[in-house]
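**Student:** Mind docking chain B on chain A? Use the hints.
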Amino acid sequence: MKHDTLFPVEHLRQRALPEAPLAMPQQVLQRPFEWGSVFRLWTLVRLRRG
Amino acid sequence: MRLSAAPAYRQDRAVVFRWTALAVSSATTLFAAWLFVLLAQGDGWTALDAARLALSSLCVFWLTWGTMGGMLGLFVATPKPVAIEVDTPQAHGRTAILMPIYNEDPPSTFARVAAMSGRLLEIGAHGAFDIFILSDSQSLESATREALWLERLLTDCPAREQIFYRRRPKNSGRKAGNIEDFIRHSGAAYEYAIVLDADSLMEADAIVAMVQRIAAAPQVGLLQTLPEIVHARSVFGRALQFAATVYTPVFARGTALMQGGEGPYWGHNAIFRIRAFAQSCGLPQLHGNPPFGGHILSHDYVEAALLARAGHAVLLDPAIGGSFEEGPDNIMDFAKRDQRWCQGNLQHSRIVMAPALHLWNRITLLQGIFNYLMPPVWLALLIVSIASADIARPLYSYGYYGFERPGPDWAGWALIGFVAGILILPKLLIATLYILSGRAKGFGSRLLVLVSVMAEIALSTITAPIVLMFQVRAVLRVVSGFDGGWPPSNRKDGTLTLGQAMSGSWWITCCGAAGLAVVMSLAPALVVWSLPVALPMILAPFVIAATSRPLSALAALWQVPSETTPSPVLLEWERIHAGWTGAAAALGDEFGDPETANVLG
Numbered sequence: 003m004k005h006d007t008l009f010p011v012e013h014l015r016q017r018a019l020p021e022a023p024l025a026m027p028q029q030v031l032q033r034p035f036e037w038g039s040v041f042r043l044w045t046l047v048r049l050r051r052g
Numbered sequence: 372m373r374l375s376a377a378p379a380y381r382q383d384r385a386v387v388f389r390w391t392a393l394a395v396s397s398a399t400t401l402f403a404a405w406l407f408v409l410l411a412q413g414d415g416w417t418a419l420d421a422a423r424l425a426l427s428s429l430c431v432f433w434l435t436w437g438t439m440g441g442m443l444g445l446f447v448a449t450p451k452p453v454a455i456e457v458d459t460p461q462a463h464g465r466t467a468i469l470m471p472i473y474n475e476d477p478p479s480t481f482a483r484v485a486a487m488s489g490r491l492l493e494i495g496a497h498g499a500f501d502i503f504i505l506s507d508s509q510s511l512e513s514a515t516r517e518a519l520w521l522e523r524l525l526t527d528c529p530a531r532e533q534i535f536y537r538r539r540p541k542n543s544g545r546k547a548g549n550i551e552d553f554i555r556h557s558g559a560a561y562e563y564a565i566v567l568d569a570d571s572l573m574e575a576d577a578i579v580a581m582v583q584r585i586a587a588a589p590q591v592g593l594l595q596t597l598p599e600i601v602h603a604r605s606v607f608g609r610a611l612q613f614a615a616t617v618y619t620p621v622f623a624r625g626t627a628l629m630q631g632g633e634g635p636y637w638g639h640n641a642i643f644r645i646r647a648f649a650q651s652c653g654l655p656q657l658h659g660n661p662p663f664g665g666h667i668l669s670h671d672y673v674e675a676a677l678l679a680r681a682g683h684a685v686l687l688d689p690a691i692g693g694s695f696e697e698g699p700d701n702i703m704d705f706a707k708r709d710q711r712w713c714q715g716n717l718q719h720s721r722i723v724m725a726p727a728l729h730l731w732n733r734i735t736l737l738q739g740i741f742n743y744l745m746p747p748v749w750l751a752l753l754i755v756s757i758a759s760a761d762i763a764r765p766l767y768s769y770g771y772y773g774f775e776r777p778g779p780d781w782a783g784w785a786l787i788g789f790v791a792g793i794l795i796l797p798k799l800l801i802a803t804l805y806i807l808s809g810r811a812k813g814f815g816s817r818l819l820v821l822v823s824v825m826a827e828i829a830l831s832t833i834t835a836p837i838v839l840m841f842q843v844r845a846v847l848r849v850v851s852g853f854d855g856g857w858p859p860s861n862r863k864d865g866t867l868t869l870g871q872a873m874s875g876s877w878w879i880t881c882c883g884a885a886g887l888a889v890v891m892s893l894a895p896a897l898v899v900w901s902l903p904v905a906l907p908m909i910l911a912p913f914v915i916a917a918t919s920r921p922l923s924a925l926a927a928l929w930q931v932p933s934e935t936t937p938s939p940v941l942l943e944w945e946r947i948h949a950g951w952t953g954a955a956a957a958l959g960d961e962f963g964d965p966e967t968a969n970v971l972g
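Top line first, the protein sequences correspond to chains A and B.
Mapped onto the numbering used here, the consecutive letters of the first sequence carry residue numbers 3 to 52.
Mapped onto the numbering used here, the consecutive letters of the second sequence carry residue numbers 372 to 972.
For reference, chain A alone in the conformation it holds in the complex (with noise of 0.2 Å):
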């Protein structure tokens, strides 16, 4: 069962983490498909080809 409430046991001894954040930006890993790119694949293609 997911809950979002706090917990009852809330008052246990938790401390709060340290507050120092850290920026952490998100990485590239996938580039969007371009058709220019089949384009110049095919340029090329031709090109090598004479």
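These are computed hints drawn from the structure, not numbers from a lab.
A few of these clues could be false.
[Stated by the list, open to error] Here are the simulated distance ranges between beta carbons:
#, chain 1, residue 1, chain 2, residue 2, range
1, B, Gln656, A, Arg42, 27 to 35 Å
2, B, Leu893, A, Arg50, 34 to 42 Å
3, B, Arg708, A, Arg17, 27 to 35 Å
4, B, Arg848, A, Leu43, 29 to 37 Å
5, B, Leu804, A, Leu49, 31 to 39 Å
Beta carbons are placed, not taken as given, at the ideal position from N, Cα and C, and that holds for glycine.
**Tutor:** Relative to the frame of chain A, chain B by itself:
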């Protein structure tokens, strides 16, 4: 100040080793292919023979490539660590020890925190470390249990000021998201982070050594230790534990030589520089839906590749001892873990072409993908071989492989011996190394090492077809769009009844029986050759149930040093865990609820 050692690696040597491994694997594959052609062309070359040649070449290449790690680890000396003068860990800035948990058993997990905290206190290093239990548990029951056991942990730990607990109401991004959440909130307060799993245990000396080693090598962004499997109880678990203790360090040494500074990260029992990690390892969600899109499941390999892309070295340091984890205790749990890893690794097909990754990291990702694509290749080879034998049957009266075979006898036997050699030789050589170098003492005796190795080879031969079938199913599930998610591991007693084993593996029995029936009707001469694969499959439920049982009668078999001379942190964990869970028996009646009795007792 005292002397320690900075991790050493040679990137130029790593490149030489990679080319050597590639050359040897290619040469071996060509040799095996030549033997196969000799064997197959005797009765005329068919399209099925071409398929068998392609599939068997792929299998031989893969086997040899894997074996090369072991060979390098056996025969090539690792670079000597560079002696350095080091300060106490406090001088290097603070280190956060992170233990992400997800619906785990709190007494077992929290006892690990207590044991490590106690050991750090004992050696006077606790001041440099904060321990964070980062809970992603989603059920109210798990959250409540964690809160109760946290109270017990804080009561029992003298260094309680260094122990923190937080729970995320929503586990977005799973484990990687959990770590990222910590870094975004508290990362700037620490120089390094040591990441653990819920079943990880690390000796205090190892924790301190990790900090000192990474601090001494500014170019290193992440240092991965080689965790040793401990606390195995069953036949399957103990064989796995033995194999991991005996073979894995040698293979890991060889792998580390090949990887150089572009090594692996296995997601736990490792240390990283928090700023380097934060700058380079923010993981995006992949386009599309799971299993291939969405959150990255096997995040560790990707994070290692991203650190390398950002110019940081990622090192495997097998020299750091005192790093422990637990393994699955039965084949069903092993298969469950494999399903997760399979989905995670196949998802890497979306990442392997990520911009600016190092070539070796791309190869590592591909290797992970092929780890799971190879079982279907093996199965396809078996099926094609049976089909091929049927087509060839009219060409020769009876018999196969050396009886009335049109191809030369020696070629068939040489091919079989060759493949078996690639599979078994590294294990035998490693056993010989242990026996000759006097390292057999921790395993009982020289004779016991030999017996244990032979028994492990026998057991892995029996279980291999079953594991293969589970892996094939895992791949088929993923490619057909099944999202298995990331279910929590079963870390409790893994003993299975025959009924439980049957409900999870009846389909393997059916496949094995059907396969054998096909062989009997199409190519009776192949029946004997198919039995080593078909029999374990037919008997899968019995094998799974029998190997999940404790090995009390043969306790000496597969003995490992962590049992004969356990590390202090293992003893400390056992003491604390027994103290916490043992009280229930005495106080259970009084409190009614055994768990409450444990926490309060």
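**Student:** Looking back at the hints listed earlier, which ones does the structure fail to meet?
**Tutor:** 2 and 5
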